[in-house]
Amino acid sequence: MAVIIETPNSPRTRKQANWEKYGWLFMRVSGPLLIVLIFTHLVANLVVGDGIKAIDFAFVAGKWADPFWQVWDFAMLWLAMIHGTNGMRTIVNDYVAKESLRKGLVTTLWAVGGLLVVLGSLVIFTFDPCPAGAAAELLPSFCPAS
Amino acid sequence: MEKQIAEVASFKVTLMIRRFDPEVDQEPKWVDYDVEMFGTDRVLDALHKVKWEIDGSLTFRRSCAHGVCGSDAMRINGRNRLACKTLIKDLDISQPIYIEPIKGLPVEKDLIVDMNPFYQAYKDINPFLMASDTPAKERLQSPEDRARYDDTTKCILCAACTTSCPVFWTDGQYFGPAAIVNAHRFIFDSRDEGAQVRLEILNDKEGVWRCRTTFNCTEACPRGIEVTKAIAEVKQAILRGRP
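The listed protein sequences derive, respectively, from chains A and B. Each residue of the first sequence is one higher than the one before, counting from 1 in the working numbering. Each residue of the second sequence is one higher than the one before, counting from 1001 in the working numbering.
Just chain A, same shape as in the assembly (with noise of 0.2 Å):
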């Protein structure tokens, strides 16, 4: 009895325009530049002054008074974010065999992305270093509520 093995590899269809080429270049070009902004922001954060000890609210307040680091943070939330996401979507898009599935995998990591991107851009430009109602010892000492 002749047995049929069923060829898992269906016939080529060809697809239209995609924006493949574009997602590549966008990781060569963001990968670099975030190494810059990542470490310079880490040496900016942890090593530069005080170090490490010198982070709180207004440490982070009197960071983003200044409109370079707000452009920094801002560049870099984005660039991250979106590399990030990326390089979720390509690894789905090689392991998950499932359409519907993968779809499904690729839409959350979109939203949930986008959704971090808005909340950050929003802390970036908006942060209050005295948030109305919060506990005296968490808040920084020229608060009015401390």
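Honestly, the hints are just simulated from the structure, not real lab data. Owing to the predicted nature of the structure, the values given are computational and were not obtained by experimental measurement. Where hints are given, some of them may not hold.
As the list claims (entries may be wrong) - Per label pair, the in silico range of CB-to-CB distance:
| no. | chain 1 | residue 1 | chain 2 | residue 2 | range |
| --- | --- | --- | --- | --- | --- |
| 1 | B | Asp-1145 | A | Gly-23 | 26 to 36 Å |
| 2 | B | Lys-1029 | A | Arg-28 | 30 to 40 Å |
| 3 | B | Leu-1087 | A | Arg-28 | 32 to 42 Å |
| 4 | A | Arg-102 | B | Glu-1108 | 23 to 33 Å |
| 5 | B | Leu-1239 | A | Pro-67 | 28 to 38 Å |
| 6 | B | Lys-1089 | A | Lys-103 | 46 to 56 Å |
| 7 | A | Ser-100 | B | Thr-1153 | 16 to 26 Å |
| 8 | B | Pro-1127 | A | Val-36 | 41 to 51 Å |
Claimed, not checked - With the C-beta cut set under 10 Å, the calculated list includes, among others, these residues of chain A facing chain B:
| no. | residue |
| --- | --- |
| 9 | Lys-21 |
| 10 | Trp-24 |
| 11 | Leu-33 |
| 12 | Asp-94 |
| 13 | Tyr-95 |
Virtual Cβ for every residue (Gly too), placed ideally from N, Cα, C.
Got chain A; can you put chain B on it based on the hints?
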């Protein structure tokens, strides 16, 4: 007095062969064979010995048996190689030699896989010279222009590269290294006019952007083609919009 010629040293090798008979087996299984081999023998000779002297039902492809036709690519000790180019003495013979069919293509019987998806990807990139003129004599090409794609002319379509690619293992729709190598061979040929067509084909979701540069293909190629480099050159040609 007759001169004694020293006997060529022989040694015993255990082959572990991944066997599958679609008419009997549900799943492939490992079967071991002990064979007496010589230092000059190749894995293909060991397979012949099994087939001719121990078990005639062992099934594998081979045609020229000299590393040119590309029929006997298989996974030997976890690496894709041509059985006819792999000397047994170069493997660790204190352990059994594991021989499996190449991965990512459907196994038909024993070491034979269905090569059609592989050939389809090859066909899809238009592996022929595309030229509009009808020259009266041969098309001339400078040695520099010829050298541009020399590496990728060496492909023998054995599928060792494509079936060593982890992206191809999980996504059979990916064109795979071999198809891209053969596209490279024409994209960078100064006599060819179809570069744009091929670059457009490989700018597909399943085209060159699928490549993760793991270099498995370069390592697997029995012809020593720098496959990953060729793929990178095609990526750059797509970004430039021309070869």
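For each hint, the structure was consulted:
1. B/Asp-1145 / A/Gly-23: 26 to 36 Å: holds (33 Å)
2. B/Lys-1029 / A/Arg-28: 30 to 40 Å: Once the Cβ atoms are compared, 45 Å apart, the range 30 to 40 Å for A/Arg-28 and B/Lys-1029 is violated.
3. B/Leu-1087 / A/Arg-28: 32 to 42 Å: Given about 41 Å between the Cβ atoms, the range holds.
4. A/Arg-102 / B/Glu-1108: 23 to 33 Å: Cβ of A/Arg-102 to Cβ of B/Glu-1108: about 29 Å, so the range 23 to 33 Å holds.
5. B/Leu-1239 / A/Pro-67: 28 to 38 Å: holds (34 Å)
6. B/Lys-1089 / A/Lys-103: 46 to 56 Å: holds (52 Å)
7. A/Ser-100 / B/Thr-1153: 16 to 26 Å: Check failed, 43 Å falls outside 16 to 26 Å.
8. B/Pro-1127 / A/Val-36: 41 to 51 Å: holds (43 Å)
9. Lys-21: holds (6 Å)
10. Trp-24: holds (5 Å)
11. Leu-33: violated (18 Å)
12. Asp-94: holds (6 Å)
13. Tyr-95: Nearest chain B Cβ about 6 Å off; hint holds.
Of the numbered hints given earlier, the model fails hints 2, 7, 11; all others are met.
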